[in-house]
Structures are given as C-alpha cells and as structure tokens.
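I would like the entire structure built from these sequences, with the hints used as guidance.
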Amino acid sequence: MLMSDPHKRDRLHHFRHANFTTGELARARQLVDDHGKSLILPYDQFIEHDARHLDAASDAGNPHYIMELARDGGYTGVAVHYGIAARYWSRLEGAVPLIAKINGKTSIPPQDRAFSAFTASVEDAVRVGAVAVGYTMYYGSPRESEDLPQLAGVRRECERLGVPLVVWAYPRGEAIDRKGGRDTSYALESAARMAMEMGATIIKSNVPQAAGAEFLSNPEAPKYFRELERELLQTADDEAMQTRVDRVVAAAQGIPVLFSGGSEIDDDDLLYRAEVCVKAGCLGFIFGRNMWKRERGKALEITERLKTLLHEAE
Amino acid sequence: MLMSDPHKRDRLHHFRHANFTTGELARARQLVDDHGKSLILPYDQFIEHDARHLDAASDAGNPHYIMELARDGGYTGVAVHYGIAARYWSRLEGAVPLIAKINGKTSIPPQDRAFSAFTASVEDAVRVGAVAVGYTMYYGSPRESEDLPQLAGVRRECERLGVPLVVWAYPRGEAIDRKGGRDTSYALESAARMAMEMGATIIKSNVPQAAGAEFLSNPEAPKYFRELERELLQTADDEAMQTRVDRVVAAAQGIPVLFSGGSEIDDDDLLYRAEVCVKAGCLGFIFGRNMWKRERGKALEITERLKTLLHEAE
Amino acid sequence: MLMSDPHKRDRLHHFRHANFTTGELARARQLVDDHGKSLILPYDQFIEHDARHLDAASDAGNPHYIMELARDGGYTGVAVHYGIAARYWSRLEGAVPLIAKINGKTSIPPQDRAFSAFTASVEDAVRVGAVAVGYTMYYGSPRESEDLPQLAGVRRECERLGVPLVVWAYPRGEAIDRKGGRDTSYALESAARMAMEMGATIIKSNVPQAAGAEFLSNPEAPKYFRELERELLQTADDEAMQTRVDRVVAAAQGIPVLFSGGSEIDDDDLLYRAEVCVKAGCLGFIFGRNMWKRERGKALEITERLKTLLHEAE
Amino acid sequence: MLMSDPHKRDRLHHFRHANFTTGELARARQLVDDHGKSLILPYDQFIEHDARHLDAASDAGNPHYIMELARDGGYTGVAVHYGIAARYWSRLEGAVPLIAKINGKTSIPPQDRAFSAFTASVEDAVRVGAVAVGYTMYYGSPRESEDLPQLAGVRRECERLGVPLVVWAYPRGEAIDRKGGRDTSYALESAARMAMEMGATIIKSNVPQAAGAEFLSNPEAPKYFRELERELLQTADDEAMQTRVDRVVAAAQGIPVLFSGGSEIDDDDLLYRAEVCVKAGCLGFIFGRNMWKRERGKALEITERLKTLLHEAE
Amino acid sequence: MLMSDPHKRDRLHHFRHANFTTGELARARQLVDDHGKSLILPYDQFIEHDARHLDAASDAGNPHYIMELARDGGYTGVAVHYGIAARYWSRLEGAVPLIAKINGKTSIPPQDRAFSAFTASVEDAVRVGAVAVGYTMYYGSPRESEDLPQLAGVRRECERLGVPLVVWAYPRGEAIDRKGGRDTSYALESAARMAMEMGATIIKSNVPQAAGAEFLSNPEAPKYFRELERELLQTADDEAMQTRVDRVVAAAQGIPVLFSGGSEIDDDDLLYRAEVCVKAGCLGFIFGRNMWKRERGKALEITERLKTLLHEAE
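Residue numbers (my numbering), protein chains in the order written: chain H, 1 to 314; chain R, 1 to 314; chain D, 1 to 314; chain S, 1 to 314; chain C, 1 to 314.
To be clear, the hints were calculated from the coordinates, so they are not data collected in a lab. We treat Cβ as the ideally placed atom computed from N, Cα and C, and that holds for glycine. Some hints here could point you the wrong way.
What the hints assert, rightly or not - Facing chain S, according to a computed beta carbon distance under 8 Å, are these residues of chain H, among others:
hint : residue
1    : His13
2    : Gly94
3    : Leu161
4    : Gly162
5    : Arg273
6    : Glu275
What the hints assert, rightly or not - From chain H, some residues computed to sit far from chain C (all C-beta separations above 10 Å):
hint : residue
7    : Gly74
8    : Ala86
9    : Pro110
10   : Thr119
11   : Ala120
12   : Ala175
13   : Gln242
14   : Val276
15   : Glu295
16   : Ile302
What the hints assert, rightly or not - Pair by pair, the computed Cβ-Cβ distance ranges are:
hint : chain 1 : residue 1 : chain 2 : residue 2 : range
17   : H       : Glu214    : R       : Asp237    : 54 to 62 Å
18   : C       : Gly153    : R       : Arg305    : 26 to 34 Å
19   : R       : Glu301    : D       : Lys279    : 41 to 49 Å
20   : H       : Asp34     : C       : Gln234    : 48 to 56 Å
21   : C       : Gly153    : D       : Thr106    : 37 to 45 Å
22   : D       : Lys279    : S       : Ser263    : 33 to 41 Å
23   : H       : Asp112    : C       : Ala210    : 25 to 33 Å
24   : S       : Pro110    : D       : Gly262    : 25 to 33 Å
25   : R       : Glu301    : H       : Asp269    : 44 to 52 Å
26   : H       : Glu214    : R       : Glu264    : 25 to 33 Å
27   : H       : His311    : R       : Asp267    : 47 to 55 Å
28   : D       : Asp238    : S       : Ser263    : 53 to 61 Å
29   : C       : Gln234    : H       : Asp269    : 28 to 36 Å
Next up, the structure:
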C-alpha cells in the first residue's frame, strides 16, 4: 500500500498537523534530514546589522567560508539574500539547499516603524535554485498595512511556484516596545500566530524572555498576558522557560517552528536553550551568529551537538 | 410555472429586497439554512486581538477544534483568514461553507487611523474554496481614502467571480471616537448604510449601544443623532434597544444584516440581544468569541438556542 | 478527532483514490448527494446536435422546463452552456448546482477533424455561479494539437479558481473511425486515461460497445485490443459488458467516472446499463436525452429508479 | 578551499563539459545518485501509445503502483504528465524527484506530420513540485516550424525558473521515414545535436539501429551517412553498435545523454544495450516499458543490475 | 583546451572570486583593459551637484569635450545619464564603452531622506549602446524601503539582458549622519557589503576617512566600529588609510571595486590615494571632477600616471 513505509512518512512528520501542498512538501523534504529535522544556517545579518560582524573568531565576512561551513556541518539549508545566492552559494551547486531571503532592512534608520523591503522576488529565488523563500514580517509595526499585503503577495507567488514560505515572525516597532517589547511571550506568540494566519509553511521565532516587572502594570499590555507573566514569575526559571517556548510552538498550531539563536551566547546557554526548544517540539534551529562567529572548529563541534539533540527528540 | 415552489423561494427570502447577481445568490444559498438564516462562526480574532484568546474555557487556539465546532454545531459558515482556510478549514473539504476574510490589522499600533490591509485576495479566497469574501471597512477612519477604493476593488473582483461580499461595517478611528464612538447608533447606522452604498451583499454590524450623556452635548455629533439619543434615553431600555437594532437593519435597506456578538457576555445577555436582532429582521448571527471561548458543550448548547430563535422568526 | 466522522468522509468517498485540491473537493461536494453519488442533467445537445431535439415527448426545447426538471428530479447538477446558464439557470439561483460547459461544436461541418471550441471561459463559468466546468476533449482527433493545449489552459484556470474540471472524454475523428470507432473499448479506455493524464477532476465517458468483427483483423488497431475483443466475443454478453465498463472505470484509475446515456434507449436498456455502471463503481450518471426527451412524468419516474440504483451501490 | 571535496564534484561530473546555470545544477543534482548517474522511470506511454499497456505482467496501469516501483527501486526520477503528477506522484511528496513531461501526442492520428502539443506549462511543472521539465522534440517533422519555437519558449521558461530541460530528441515524420527512418544513426545523431543546439540540459535518445540495405542506395540520405552505414555493415556487430551509441553521445557534445529502452526486450538484450550505453559515457537510463511491464520482482531485480552497471562505469 | 590561455583569463581576473553570468562577463570584458583594469570617467555630476561645475579649468560643461577626453585618455568607460548618452556619447559610436547611469537626484531638496530616482531604464541603457548600467544606492537612508526594491528591480532587468550592474554604494541620510557620517569606515564598508548582497557586478565606493573623535563615544555607532576607529587612531596615518581601503575591498568579498575620487584634490593627494587603492586590489578608478575640472593637458597627464599605477599592480 502506498505511503505505508513508516520511514518515508517520518521524514515529513512535522508537516502532518495541517495541510500543505505537494510543491511545499516536495521541497520541504529537502530542508529536513532523515530524522525530519532542520538545521539552517542564516547569513543575512550583514544586511540587517551592518558590517560589524566582521569582528568574529572566524572568517565570518566571507560567504565562501559560510557556504563551506554549512556543507561541512551538514546543515539542511542556508538562508541568504540574492547577491550571496547568485555569487557564492551557486558554487555549491545545490549541495546545501537554499532558502532565499527576499526582504530586508538595515540597522541604520530608526526602527520604530520597521519595514522589511524586497531585495529580490520569489521568482528570482526559484530561478537561482532556492527550495524555499524567507520573508521577515514585522508584527505590530506601524507599517503593518504595507507589510501584510506584501507578505500576502509573496505567499501567493510561493503558491504559484509551489515553494515553501519561511516567515521570520518578528515583533517590531514603537507600539510593540510600548506594549512590553519584542521578546515577550505576548509579542512572540502573537507574531507566530500571525505568521500561521498569513499562510506560512514554516515559522521562524525567537525564544521568548520574561517581561520585566513593569510589564505587570503596563496598561497597554493585555490583561491575559500580564497574568501569564505574573504566574511565570512565580515559577522556577527552567519550567517558565519551557512554558514560554511550548506556548510559541502551540501558537503556531502545527505549522513547524524553527527557533533562532539571537545574539551570541556561550555554549552552555546555547545548548540549554536548544534543549528546551527540542522538548517543545520544534522543527529545528536557525542559528547564525552563534555558529559563524565562533571559530570554525568550535562551530562544527557545537553543530554536532545540536544535531544530536535534535535526533534524540524522536 | 417556474419558480412556483414556495419553499425554494423561501431559502433566499432575505435577498428579495434588492438586486443581486446569479453568482451572489447561488453562493449566498450555501450560507443560509433551510429557513434562509445564517449562523456564522468567525475566527479572525487572533489577528485582530493578538494571542490573548488562548485564555478560553475551550481549545480556542486550535483551528481544528474551531472547524469541528462549526461542523458539529451546524453553522452555515466559518469566517477565517487565508492561512487557516488553506491549512485547517481545507480538512473539512467544504463540509462547512467558507467566508474568507481577506483583510485585517493587529491590535498593536495605535487605532486612531485604523486601516485593514489585505491578507489575501478575492482570487485566493475563491481558489481555496470560499463561497464568499469578508472585508472590514473602517467607516470614518482618517484613512478612508485608502479604504474605500480598496473596498471598491474588492467589490469589483467579487463581481468578476460572482462571489458574495460580506462587509464588516465597523466605525473606527480618532474622528469617530471624537464624534461619539464606534458603538453609537450614529456610527453604526452610518457604517451599515455606507456598506450598502459600496455594494455589499451582506453587512456585518455590531449591536449599537446607548451613547453616553456627554454625547447629547457633543458639538461634533450631528444634531439629529443627539436628538435621537435624547429620545431613546427617555424610552424603556428594551424598546430603545429594539429601536437601535431596527434602525441598523433599516439603514441597510434590504441588504441582509448579520449581527456580531462582540466581546464575551453571559448567556442571558446573548440570547436577549439575539432575540432583538431576530425581531429586527436580521439574516442571522456571526458570533465568535461568545461561542469558541465557551466550553464546547455550552457552546453547542447555546448554538442550538440561537438556531431555535432564528427559526422561530419565520 | 477531525475527519473521524465516517459519514462526512463518505460523501466524498469517490474522491479518495487520488489527490484533489481543497477547492475541488469543497465544490465537488455540491455535485454529490448524501450518498456521495452524482446525477447530472446535461443539456448541451442543442449545440452539439442542432435543433432536432425539439422532437420530444416533453417541452425539451425550453430551458425553463429543463431547469425545473433538474430541480424536481433532485439532480445534483445540470450541465449547460453559458447562454442558458445566464438566462435560465440563473432563475434557479443555485438551487441545482451548475456545471458550465465551456466548449462545443455543431453537427454541421464534417466530424473527421473534430474540435470543440470555447463558448465561454472558466471565469465566465465561475462568475455566473458554476461549481464546476465541463470541457469536451476529442481524443485522437487530428486537431489534438489544438485541443490538448486548450484543455491544459482550462485545467490551469480551474486550478487558479479551485474549480472541478469535468472532462467529456470523447474519442472522435477520422483516425479513430479508421482504428475501430468511437465506441470501442480501445477508444473509450484510452480517452478516459487521457482525461486523467490531463488532470480531470471527473471524467464523463460513454458506455463502450463491442467492436465489429472487422476490428479483429483491422491492422490499424493495436494487437492488445484486438485480442481483448476476440476474448470478449467469446464471453456472455452481460459479462462482456460488465468487463467493458469495469475497464473504463479502471482506466480512470480512481478519478471518478460519470457515464452518459448516449442516444435514446428504452427504459429496460437504460436501467440495465445503469446497473452495470453502478457495479463498476461509477460516480453516477449524466443522462440527458434519455431524460428530457421522455415525457416529464416518465422522466421523473426513471430518475427515481436511477437514484435507487445508485444508492443501493453503497 | 571551496569545492575541493572531490566527491561533491563527482556528483555532477556529467555536467562539467559545458556551462549550466546554478538553478539547473542545483536541481540536476537531485536527478543523479551519489555516483552522478541517473535512472529515470518514464510513464508517459499511456498518452503516447493509448491504453494498450494495460497488457502487462504487472499492475502497469496504476500510477500508484508505478510511483511505488520508482521509490522502491531507488530511481532518481519519474517522468509523468501533469495529471499523474498532481493526482498520484503528489502522494510521494517528493520522495522520488519529478520530471514533468509537458507535451505529448496520441498514437491515433497519422504520424507523418508529428507534433507534440502542450499538456501543461513549465510553471505548472514547477508548482506541482517538479525538479525538471521534459519536452519531446520531433526532429525533422514537417511541423518543425511550430515545434522549434515552442521548444525555444519552453527553454526560456526553464531559464526563468532555473529548471533543467530534458529533451526527448526524437526523429519523426514522413520526411525522416523517407530518408532512412527514425532509428538510424543519421536521424538520432542529428536529433541529439539539435537538442543541444536548442539549449537542452539533458538529452534523451533512443539507441540507434543499423539502417537497412536500401539506405545505402537511398538518394535522399546524405552520402556521409550512407558511407558510415556501409562501413559499419563491415564491422563486427558489437563494435558497430558501440560506435553508433558513442556517436550519439559525441553528437551531444558534453550535454548529458539518457538512453531510453524503447519497446520491450528480454533481459539479456536490455543489459547488453545498457552496457554499451554506459561504455559510451551516458548519464544513465530512462527505461519505462522494460521496467513497469515486467512483473514487479523482476523489474526490481533488473533495476538493481542497471544500477550496478552504471556504478561500475566510474 | 578551451580557457587554457592564461592571458585571456587575466583580462577578467578581477571577476574570478565569485560567479558572474556570461552576459556580465562578456560585457565586463569591454570595461577593462589588457591588464584587466578599469579607468572610468564619470560625468553625472551636473545632475547631482547642479551647474556649479561650469567653473573649471577646462571646457567641463561640454559633453563633447568630455567624450573626447575619455577617448583620448584611453578610458575604459564613461558613466553618463541618458540624455548625454543619446545626444553626445553617441557621436563616439562606441569608441569608449558606456555605463549608463539610470538614477539620480539633485542637490536641491534636503539630503536627509536621500533617494535616487530613475532618469532612464535598463532597457534604455542597452538600446543606446551601454555595456553596463550604473545605479546609486543610498545605504541607510530612511527611504531604503523604496531604494532596495528599486535596486532589486534594476538587478533583475540587468540579468534579463545580461548587463553588468555597477552600484554606487553611498551611505546617506540623517541616520547615517547621526551614526558617524557617510565617509566613515563603518558606513562605507557596510554600504559596499550591501551592494554585494544586492547582486552588484561592480561596486563603486568612496575612500573612507577617519571618523572624528566624537565617534568614539557616539552611542549610536556600533561598538565594533568605535573600537576599530580607536585602534586606527593609534596607527600611523598611511597604515591606517591602507587598512581602511583594504577593508572596503574585503567587505565586497571579491566583487570588483572601483574607487571614486570625490571632490577635487591636488595631484599628489590623488596619486597617493590611488596607490593605496591599487595596493588594496581595486578594479580601478572612477575619477570625474579630478579629471575633467583639470585643464585638458594636465588631465591627460594624470590619466597616464593612473594607468601606470594600475598596470604596475599586477
């Protein structure tokens, strides 16, 4: 009987909780390993953060270095902008699957009205060889009325070409700051949910942090989340963190979630966070600076440890 | 003689007071039951209100749960955004008709210049299997000059594809606030009328509330409505409420009206309001939070009572 | 658990053997009854055959009469060209689902290079309220190089709008005639298969007939089918007929098949054929002339008998 | 140093003799195994040859069976038309890469002016999840002036979406027949070269056969090829065959060549031919009827032997 | 063996560190001399700076004069806007290759929200005879959300037509000013990197300057760059300057860099800067005012010295 082979089903087991199209699934298959898990190396930070990342223990500014790191580390994908895809990733000739990031913004202008503009199109991404498209949605930004239709258009194009859409679900802007900030459970759960409602195939989220004490009495934050924070404040740290991450995964309602690493942290922290995310049932990780700013040997070593963590999750 | 069967005519009796196209009628037929009444379960609140609705007596955050609730409750439609339609509603394979909501906004940025941006297109809605399209019009918003042409474009697309257009006729923005607020008869009657003038097939309205005492002397509110409020203040509550709801239905001038439930209220309140709306001659209800935030058994129970109310209206 | 209700699955049980999109399924649902069976009244013969059909025991030339017949007989669909859809079906306001036939040809020019040209577009069909589109493919016609791309374009439009595509899989043209004729198993199986390969949602086929003795020695007919005919010649008629019909259904490989009635036959013949088709596992019938050329009372009576047959199939 | 890993280079070693784009290479990578070889299961014969292939030792008419055979046999691709891709291949969710065949013709009308018409578009292919597109070019057909621009358009679309273009390089039509026939070295070398000149990524060719004695004196056949045939007639059969196959590969000038199996032959013949093709440096095989018309066990067994042959080639 | 001639490789040796398309390379070849170096005469300053440049030791305002200067000085290209290309450069009939500058802005409105608008299209450029297109990107401008998609569109058009894209990578706007200014290493490295990420074929950069002392304590400037500045302050001037220029070339990661001359400086300064740039491995120079505002004889003389410098670099 067709589809009866359990191993084949397993490879896409994170994509069984909601409907996906054939094109999405056939291509998502390339972004996961035999265990159905993803480990993505994102390298769009030189657009987002300026050239400061040249300050690294590795050859971090060199796209050739990054591509080799992805290949040698057995990553299931890299996420880069068009120029890097066309000029550097192309030399790998598809050896590591490509998520082409198609919008971005710099760190230079004020971030209070954050908006991520096109650096390429879905068709560009497909042409250059991408198996998926990456889009940054700024949840809650005052420019959401430009962002949402832009994302809807990207989603439509992705459907037209059968391409998975990975949404960076990022709360941003002055209103989010006023209501508790981009790293709160409130903001991240809502952003993950929004990405799902917009039709994301895969959702990239940051790991939520405890809101500060002032959040509890912030009249602009919804009562429900203030009570949640109050409750979590009284919970052991580990348990609270697990709850926070579990809730982001739950907010995505079966749309697979990749957790990002955020700014550089030490090995123990990284692995601890990763473990929490794995327990929460994430699809995998999309760790950039924490990989390519480390010295190459250390980066490969911690990559192996992440893969072990992911595979033990089964 | 053709068309002689009285029962068949009955099914679309709410659509006899104005002209509708064949496509609209053929599809509106699917949104009503044998009595010609609609009971719609809207589930777009996780975009409009953030993830706070996870706090519910039910599995409210789970779209699969919601779809099953709609099916088991015998709803004549669900109203959801594209992501939920494509990923979750799709599993019902049309068992409950779909109204695809194609615009939205979050609760995060200030609401004084409210504008609801596209989350999908009319064509997306049709492709995924929708029998109607939902659009939020913010009557009186400072951005109405963007909203009205956008709505006109949606109406045109709906006509091109023969699809009913359900307009969420919502007064919003700083000017409405200044002139009495979004829940006044003044605002809601005007919004319902506006939706009709823009070509809505069906109008969704909130139930109007008494304006506060300050409205009577608010120089920005029109004299006519200040006098109406003064008069209604001197009327028995029940009668005043009936008048308010009757007036919204009258403002729509034969374009069928669905009343929404708004924020959560208790059973008695809900049923009382519903009865008023039925008496006013509404097409039916579009109650979301008041259904899916209730515990499932209670939600199904009150659903039955609403259906009974609707059917007794004939 | 979602989808666990066996009854709901049953309604689309003919659509479980291959993949269909959500739009297709949500609309196919309207073309089947509670038993998952279809009974379609086609009325495109005044284009295909000229006005000869005015010669009927009923008011066959009157589209109003036909529409009422479909409604009163409880048909799950009518299949008509655009003019009739827009002018007459529209009065039923969707009471009987519409399959809009979008191509046709007359009986006037020679049929040796048969080609069925557009009488309307998929978008026309959707706008007027159709839940499905009908297309005639002339398998084996010398003009197949015009027909196949035209059909591919219709299929693409149907996908764009989520609409089921019903393919009239008709062998036609001088080459088919030379190779045994349009009613052979050879021709009809190949045509049904072709419709499947082109992406049909539902396939309309005629009931195959025994090829004449000359087929056995026709050097242009494939050896395989000559041997099949030889074998069936030596089989009891009933069994041979069952085999022929079974084979058409098998050729469609799980894409649901509707059998047409062809030219007028008597009641016994009609019911006998229908029974064979039901045993073969067809989706239902699409009987035109055999219905609307009969006197109305008789047509309704035989309609009931067909429905009984279909429902007993479960 | 990037690209220094010899194994990774090896995987695309058949694509080193000419320029290919990144999109082509990234996707061609999926069509080859770790040895850089391809084994493709084509299943477009029910369009090309009618339903005669139901006569098989296996469940050959069932696309689900074929897809499972491809998966279990470890094929590096299947080649099917759109309907099968969308309805059946889709259930494999990309487990076996897809070459979507986008043009075809039936065996019914006369073949003297052969032309293969669109059954789908390049964009359809990509959307449904294909990694490559298949196109049949009829070299020498009187309708070449329709065929060549159509192919040029397909090639352009393939470039726009970065998709490899596999050209079925088939001599056909009355003129080819008059000049020696479709299976001559003359015809097949010329067709392979034509495919290369039109921009094919991969060329599918049949294995050339000795032209008959009448070819030597056929005034319409070019002198060069008549002399070649004369010479090969005086050569040992094995050597002549090797020369013929070598020449097809040479005609493609570094564009990778897949050899097809043609009509069913016995195991020894098949393996003998395959060995000749491997020696000639082919990319691999695209054997259909010789696989899926065999009983499943035998098909899998001979599949293994083909893979062994291919891998010994390195 | 193809490509084995070392001299031919040398001519494009600056284009060996990343992937470029054939169209780009075939045309880039015309922008370099036998040593693979570029010397471009830009003449777009009458748009950017108003007519102030009429004040020159030469006939600077006369495009005919400029074109002749380029030809007589042996420049490998001129960069001008469409009007000059069509009216004046055209008389050279391709004697000096053309880079058509297709966007610009005047010096008149405030520069805090700098945006460079189209003065022509890529297709205009190709039609008039350009071998490359020039585009000004304002890194960090508050209008980057308009600039980046515009640049992405230009890049896409350049690819469609196989044309090299020369990006003027210019930091600009109020935010850049606040964070240290347009001539800092911080700004120029980040801008060069951005141009690479956007897909530039060649990057034009200014020579970075030491940030002022206040930069060291500017909280808006990234810590990494403040530390870099601190370090360079303690380094000998020559070495610091070499480091700065080296870093811009490194930021471009193998995408060839042209350095501009900026405002007029004296001969020694000019040659000193040029030498530093050559040592850093630049592709060449794009010096405008420093050429055409000099008296013709002097301009030609210093041109020769620049060429000598460039050629000694090998």
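Hints versus structure:
1. His13: 12 Å, violated
2. Gly94: Check passed: Cβ of glycine 94/H comes within 3 Å of chain S, closer than 8 Å.
3. Leu161: Because about 5 Å separates leucine 161/H from the closest Cβ in chain S, which is inside the 8 Å limit, the hint holds.
4. Gly162: Check passed: Cβ of glycine 162/H comes within 4 Å of chain S, closer than 8 Å.
5. Arg273: Since chain S brings no Cβ nearer than about 31 Å to arginine 273/H, farther than 8 Å, the hint is violated.
6. Glu275: 30 Å, violated
7. Gly74: With a cut-off of 10 Å, glycine 74/H remains clear of chain C, as the shortest Cβ separation is near 24 Å.
8. Ala86: 6 Å, violated
9. Pro110: 7 Å, violated
10. Thr119: Incorrect as stated: the minimum Cβ-Cβ distance to chain C is 5 Å, not above 10 Å.
11. Ala120: With a cut-off of 10 Å, alanine 120/H comes too close to chain C, as the shortest Cβ separation is near 5 Å.
12. Ala175: Given that every Cβ of chain C is farther than 10 Å from that of alanine 175/H, nearest at about 18 Å, it holds.
13. Gln242: Check passes; 33 Å lies beyond 10 Å.
14. Val276: 29 Å, holds
15. Glu295: Per Cβ check, glutamate 295/H is outside 10 Å of chain C; nearest 17 Å; holds.
16. Ile302: Per Cβ check, isoleucine 302/H is outside 10 Å of chain C; nearest 23 Å; holds.
17. Glu214/H x Asp237/R: 54 to 62 Å: 42 Å, violated
18. Gly153/C x Arg305/R: 26 to 34 Å: Once the Cβ atoms are compared, 57 Å apart, the range 26 to 34 Å for arginine 305/R and glycine 153/C is violated.
19. Glu301/R x Lys279/D: 41 to 49 Å: 46 Å, holds
20. Asp34/H x Gln234/C: 48 to 56 Å: Holds: the Cβ-Cβ distance is about 53 Å, inside 48 to 56 Å.
21. Gly153/C x Thr106/D: 37 to 45 Å: Distance hint for glycine 153/C, threonine 106/D is violated at roughly 50 Å.
22. Lys279/D x Ser263/S: 33 to 41 Å: Given a distance of about 36 Å, which is inside 33 to 41 Å, the answer is holds.
23. Asp112/H x Ala210/C: 25 to 33 Å: Distance hint for aspartate 112/H, alanine 210/C holds at roughly 31 Å.
24. Pro110/S x Gly262/D: 25 to 33 Å: 28 Å, holds
25. Glu301/R x Asp269/H: 44 to 52 Å: 50 Å, holds
26. Glu214/H x Glu264/R: 25 to 33 Å: Taking Cβ atoms as reference, glutamate 214/H and glutamate 264/R lie about 28 Å apart, which means the hint holds.
27. His311/H x Asp267/R: 47 to 55 Å: 51 Å, holds
28. Asp238/D x Ser263/S: 53 to 61 Å: 36 Å, violated
29. Gln234/C x Asp269/H: 28 to 36 Å: 34 Å, holds
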